[in-house]
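One letter stands for each residue in the lines below.
Number of protein chains: 2
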Amino acid sequence: MIVSRCRRCGVNRAEVYLAHSNLSLCPECFTLLTERRVRHTIESHKMISRDDRLGVAVSGGKDSSSLAYILHNLYEKLDMVLIYVDLGVPEYSSHCLKKVETLAKMLGRELVVYSLERELGFTIGDVRGTIYGKKPCSACGTIKRYLFNKIAYDLGLTKIATGHNLDDTVEALFNFYIEGNVKSLVRLRPYLPKTHPKIVPKIKPLIGLTDIECYYYAEYKGLPIRALECQFSKGSRSVRRKELLNTIVEKIPSFKHTFINSHYKRILPLLEQALKSQGQGEETEIYDCPICGMPTSLKGMPCHFCKIVNMIKGKVEVKVS
Amino acid sequence: MIVSRCRRCGVNRAEVYLAHSNLSLCPECFTLLTERRVRHTIESHKMISRDDRLGVAVSGGKDSSSLAYILHNLYEKLDMVLIYVDLGVPEYSSHCLKKVETLAKMLGRELVVYSLERELGFTIGDVRGTIYGKKPCSACGTIKRYLFNKIAYDLGLTKIATGHNLDDTVEALFNFYIEGNVKSLVRLRPYLPKTHPKIVPKIKPLIGLTDIECYYYAEYKGLPIRALECQFSKGSRSVRRKELLNTIVEKIPSFKHTFINSHYKRILPLLEQALKSQGQGEETEIYDCPICGMPTSLKGMPCHFCKIVNMIKGKVEVKVS
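Read top to bottom, the protein sequences are chains X and D. Take the first sequence: its position 101, counting from 1, is numbered 205 in my numbering, and each next residue is one higher. Take the second sequence: its position 26, counting from 1, is numbered 130 in my numbering, and each next residue is one higher.
One or more hints might be untrue.
To be clear about the criterion: a stretch of chain D counts as covered by chain X if any three or more of its residues have a C-beta under 8 Å from a C-beta of chain X, and this derived list gives those stretches [stated by the list, open to error]:
#1 273-287
#2 349-355
Think about it this way: if two alpha-carbon atoms lie no more than 25 Å apart in a straight line, the pair counts; the simulated DSS-like pairs of lysine-lysine are [unchecked claim]:
#3 K369(D) with K380(X)
#4 K287(X) with K380(D)
#5 K298(X) with K287(X)
#6 K238(X) with K355(D)
#7 K346(X) with K355(D)
#8 K239(D) with K411(D)
#9 K239(D) with K355(X)
#10 K355(X) with K380(D)
#11 K209(X) with K181(X)
#12 K238(D) with K355(X)
#13 K369(X) with K380(D)
#14 K239(X) with K287(X)
#15 K355(D) with K239(X)
Think of the hints as simulated: they come from the structure by calculation, not from any bench. Yeah, the Cβ is synthetic: ideal placement off N, Cα and C, and Gly gets one too.
Here chain X stands alone, though its shape is the one from the complex (with noise of 0.2 Å):
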């Protein structure tokens, strides 16, 4: 039997293969330069200093748990605390709970809960029967990226870390081409700065590892992560698209690098010159919403979140928050 040895010490069995650098790699090999790969995007983005504040936005799921461990044990000394946002789906969400308090546990880390239920009176099911019921999944992103902004700014954080990553990105950048979305291909970035006093500054560590490879790090790592899949994301638009993405993997190994690369580095900055010359530069107008005092990009009028709880108050009795 031929044992393939791992390419980076020669010693091990490889068991990981990295088609885009085509590199074969031991477990012990592949989580430690993941891990650095996670460092070099950190440093080359400054997205932490010493002196920060870090929330991990973490999911129980493999992309989140892995950021939160990776950051963790890069940044022993960080200040850092951990956030899980329960939306209240049936069976999924308290298991996703629980192991995100395991992972906690693990790290001593703080966690910090918020139930949508307890704080709001409603879950994520009941978008059902508003216009959003079917597309949860946008109605949850704008939740989601709403909750944990708020949560940082009311804990005196200075920075969210998420974890979006190559996927995630490719995913939505292909989409935004497509569609020819250009204010949101040039507001896709790994380190999104403050840029307004009540806008918690968001940094993606993750943005260069593909899916699997978090799968393989929290995997080997032995990290808690969730068996569940959400009942409202199945068949969702985002997993259809990731499929297809893969299925051009298939034919074209480094697509996902090659093409977010040349975004960032050669079409990304020439979009961004040409808008802010035309005045239309990433600083959108900031407004306050007239409801929680949040900001919002919509003048005069409710901010998407609010929107939402108005929706579901009309069928179900919400909490002020």
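Please arrange chain D on chain X, whose structure you already have, making use of the hints.
Structure of chain D alone, referenced to chain X:
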């Protein structure tokens, strides 16, 4: 048996289904609408004027045969000549020549035939053994682009029409986006104007039609089209990429049309603006080739065509043009 009727005339049986427009059409309505779409492309880009002397690059394939036929019908009085470059591919080139001869007779239009072997003493097969040996399609493209321009220039033609269709364009765009090849992205247009006295403007009237639409059109009109594939293009990257794009279309039926529209309407204008403000507009420096005197982007060096000819000269004796 349920017979689906043509969505346009409501009388004839529908035979063609256009997924991008969700239209089922009979052959007559399909060919009529196809011609109208081509006329719309021509008019919206002001591709042709009454006093043009047009050269149509024909290959014996479905695209260029449909192109010549449609142009002949739309602009009966236009001064128009068909141009065929015989590259000397065994069996294939003579087979294609017969088809374009039949087409020219059918339309009553003059056919100019340029034989690589007769004029320069070599055939495209002679690139084997040079650095182009493994990618003859690349050398072939360079040779054809050069010769169509040279022939049209020598004949005093004012424009060259080529059969590039939607699939060709989306394939090129897709590659350029992945590679971040901004210069080529900006150069890929339906209408390439005159940028030098010896450069004949190029137009692509079929840029809105898919491969399969061109095929159906040629079939329904009974046009003489080749039954062979070029032996050198088998398994080429271009062929594989087109298959991949069709896989994407299976998941996103409007992909090709939406992507190309987004590119031309939303993204290209911004890229052009940014390049212009960097002083890197489309007007790149043009020099005279020291060998043939035709325009080239290479300063003080033989043009790409002469380079290839020189390479082959090392192998076979090439007549001086």
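Results of checking the hints against the structure:
{"no.": "1", "hint": "273-287", "result": "holds (count 6)"}
{"no.": "2", "hint": "349-355", "result": "holds (count 3)"}
{"no.": "3", "hint": "K369(D) with K380(X)", "result": "holds (18 Å)"}
{"no.": "4", "hint": "K287(X) with K380(D)", "result": "holds (21 Å)"}
{"no.": "5", "hint": "K298(X) with K287(X)", "result": "holds (18 Å)"}
{"no.": "6", "hint": "K238(X) with K355(D)", "result": "holds (19 Å)"}
{"no.": "7", "hint": "K346(X) with K355(D)", "result": "holds (11 Å)"}
{"no.": "8", "hint": "K239(D) with K411(D)", "result": "holds (15 Å)"}
{"no.": "9", "hint": "K239(D) with K355(X)", "result": "holds (18 Å)"}
{"no.": "10", "hint": "K355(X) with K380(D)", "result": "violated (35 Å)"}
{"no.": "11", "hint": "K209(X) with K181(X)", "result": "holds (17 Å)"}
{"no.": "12", "hint": "K238(D) with K355(X)", "result": "holds (19 Å)"}
{"no.": "13", "hint": "K369(X) with K380(D)", "result": "holds (18 Å)"}
{"no.": "14", "hint": "K239(X) with K287(X)", "result": "holds (22 Å)"}
{"no.": "15", "hint": "K355(D) with K239(X)", "result": "holds (19 Å)"}
Of the numbered hints stated above, the single one contradicted by the structure is hint 10.
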